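With the hints as extra help, turn the sequences into a complete structure.
2 protein chains.
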Amino acid sequence: MFNDKRIVLGSQSPRRSHLLEQMGIEFEIRTQDALEIFPEAMHPEDVPAYLSRLKAKELESTLKAQELLITADTVVIIDDQVVGKPQDAVEAFDMVKNLSNKVHKVVTGVTILDANSKSVSFSETTYVIFRRLSDADIKHYLHEYKPFDKAGAYGIQEWIGMIGIEKIDGCYYNVMGLPTSRLYLELNKFLTKEV
Amino acid sequence: MFNDKRIVLGSQSPRRSHLLEQMGIEFEIRTQDALEIFPEAMHPEDVPAYLSRLKAKELESTLKAQELLITADTVVIIDDQVVGKPQDAVEAFDMVKNLSNKVHKVVTGVTILDANSKSVSFSETTYVIFRRLSDADIKHYLHEYKPFDKAGAYGIQEWIGMIGIEKIDGCYYNVMGLPTSRLYLELNKFLTKEV
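One line per chain: the protein sequences are A and B, in this order. The numbering of the first sequence is the working numbering, which starts it at 1 and goes up by one. The numbering of the second sequence is the working numbering, which starts it at 196 and goes up by one.
Be a bit skeptical, because a hint or two may be false.
Among chain A residues calculated to face chain B with C-beta under 7 Å, some are [said to hold, decoys possible]: (1) Gln-12; (2) Ile-25; (3) Phe-27; (4) Phe-93; (5) Ile-129; (6) Arg-131; (7) Ser-134; (8) Met-162; (9) Ile-163; (10) Lys-167; (11) Asp-169; (12) Ser-181.
These are computed hints drawn from the structure, not numbers from a lab. Note that the coordinates shown come from a computational prediction; the quantities given were computed from them, not determined experimentally. Using N, Cα and C, we set each Cβ at its ideal position, and we do this for glycine too.
Here it is, written out as C-alpha cells:
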C-alpha cells in the first residue's frame, strides 16, 4: 500500500495492532521500554505527541533504510488532568466513577519517523460524554473486563462504552488508540512529500 | 439482565445482532417482511422511528407474555434526502462519492414493544464527516467490502470508515444500526415504569 516502505509499529497495544490491520496495513511490531515521563508544566493536550516522540527516539537506531516507524500515546484528560492507567481495582472504580455524567477528552499523539530522521508528529482530540453510570454497572464492567491496561480504566469498544457513552465528538478510533483517518492522511503525505 | 423478560430482536441485520450481544443481552431473532414505505411528506429524520414502528406492528401478534420486541431502522440523510441501500455497484460508487468531503446524518429509530401493546419509540442522530475520498479508495472499498446491504453504501466499522471518516458527533454504534447507550437507558426505563 505504501510503496516499498515497511511499516514498524512501535507499540505493544493489541488495540493499535488491530486498528492498523483493519486499515489494511502490513506491519511488524517492535518495542522498547520508554520512560513515560513528561515535564510537569506541559499542557495536558501536548503530552501524547511528546510521549510518542520519546517512544520513537527509543527505536530510531533500529530503523533500516525502508522502514517507517509509527509510535503513539493515548491519554484521558478530565478537569485538565492527565489520567493514566489504574494501579488497582479501587483506583479503576474511582476513575470510571469520575467519568460518569461528564465530558472528558481522549488525546492520541502519533509520531511517524523514517531511517533518515524525517519525522512528523500530530495529535487528535476526541470528546467523550458518558451518561450517569450506576455503581452496579461500573462494578459489573470492572469485574468482567478488567480494564487495567487502559488509560482512564475503560475501553470505548467494550460493554461500558456501548451502554454508557451517550456521544462522542471526534474520531472514534482515536479513543481506541489511533486516529486512523488522520494517520492514513499523514502517512500518504509523509510518503509523497520530499523533506 | 432484564428481569424475566425475553428479548426478541426484530431485525435481520448481523450488525444489530452483534451489538445486542456486545451489550450482554440475550435474545432471539424473529423477522417478518415489512414494506418499508413512508409518507412522502414525512420529515426525513422522522422516517426511521416510523419504519421501526411498522416493523414492530408486523410482529406484534407473535409476542408471548414475557417477550419484549426491539425493532429498528437506520437511514442516511444527506442534503435532506433519505439515502437507502444501493441497487448496484454503480449506484454504490455514486453514493459513497457523494458522502466525500461532506457531513451527513445517520438516524436510527427504535421501537420497544411488549405483549400488552405497551411501546416506546425514539431515534438518535449522529453526524458523520467524511474526508475527501479518492476514486481509487472508493473503488478499493466497494470491491473488497461489497456494502450493498448498507444504507449509504458504507459501514463505519469497515475500512472506508477507518481511513475516511474524520470525525463523528453523536453515538458511534447508532451509525452501525443501534443507539446502544440510549437503548440501554430506554429498556431500563421501559421495564421499571408502569404503563
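Hint check:
1. Gln-12: violated, 21 Å
2. Ile-25: violated, 10 Å
3. Phe-27: This interface hint is violated because 15 Å lies over the 7 Å limit.
4. Phe-93: violated, 19 Å
5. Ile-129: violated, 10 Å
6. Arg-131: holds, 6 Å
7. Ser-134: violated, 9 Å
8. Met-162: holds, 4 Å
9. Ile-163: Holds: closest Cβ of chain B sits about 4 Å from A:Ile-163, inside 7 Å.
10. Lys-167: holds, 5 Å
11. Asp-169: With a minimum Cβ separation of about 5 Å from chain B (threshold 7 Å), the hint on A:Asp-169 holds.
12. Ser-181: Cβ of A:Ser-181 sits 6 Å from chain B, so the hint holds.
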